[in-house]
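If you read the sequence shown in our numbering, its first letter stands for residue 11, the second for the next number, and so on.
Some clues are possibly wrong.
[What the hints assert, rightly or not] DSS-like cross-link-like pairs, simulated, lysine-lysine; straight-line CA separation at most 30 Å:
# : residue 1 : residue 2
1 : K54       : K66
2 : K18       : K42
3 : K27       : K42
4 : K54       : K18
5 : K42       : K54
In short, the hints are calculated from the structure, not lab data.
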Amino acid sequence: DALARRIKSMVGAGPWKSPEIRARVIARTETKHAQRMSAVIMGKDQGVTVFRGQFKELALALGGTPGVHSSL
Numbered sequence: 011d012a013l014a015r016r017i018k019s020m021v022g023a024g025p026w027k028s029p030e031i032r033a034r035v036i037a038r039t040e041t042k043h044a045q046r047m048s049a050v051i052m053g054k055d056q057g058v059t060v061f062r063g064q065f066k067e068l069a070l071a072l073g074g075t076p077g078v079h080s081s082l
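Assemble the whole structure, with the sequences as input and the hints as a guide.
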């Protein structure tokens with residue numbers, strides 16, 4: 011809610027009914043992205059490996075090559 015309050019004056023309503031609703035959507039999306047990236051970085055720092063099919067898009071986005079046994 012704090013992030014949504016901070017950004018609602020900076021965003022238009024877009025396809026939503028009001029800037030307040032859009033600000034909440036943006037805040038949720040950005041918070042979840044930050045949580046995901048934190049988990050990825052922590053995993054990478056700990057040497058977590060990913061097996062085929064799991065997190066393929068994420069591995070590619072981070073410059074890895076998903077395969078039978080690849081590092082993040």
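Taking the hints in turn, this is what the structure says about them:
1. K54 - K66: 14 Å, holds
2. K18 - K42: 18 Å, holds
3. K27 - K42: Holds - the C-alpha atoms of K42 and K27 are around 23 Å apart, at most 30 Å.
4. K54 - K18: 34 Å, violated
5. K42 - K54: 18 Å, holds
Of the hints listed earlier, the one the structure fails to meet is number 4.
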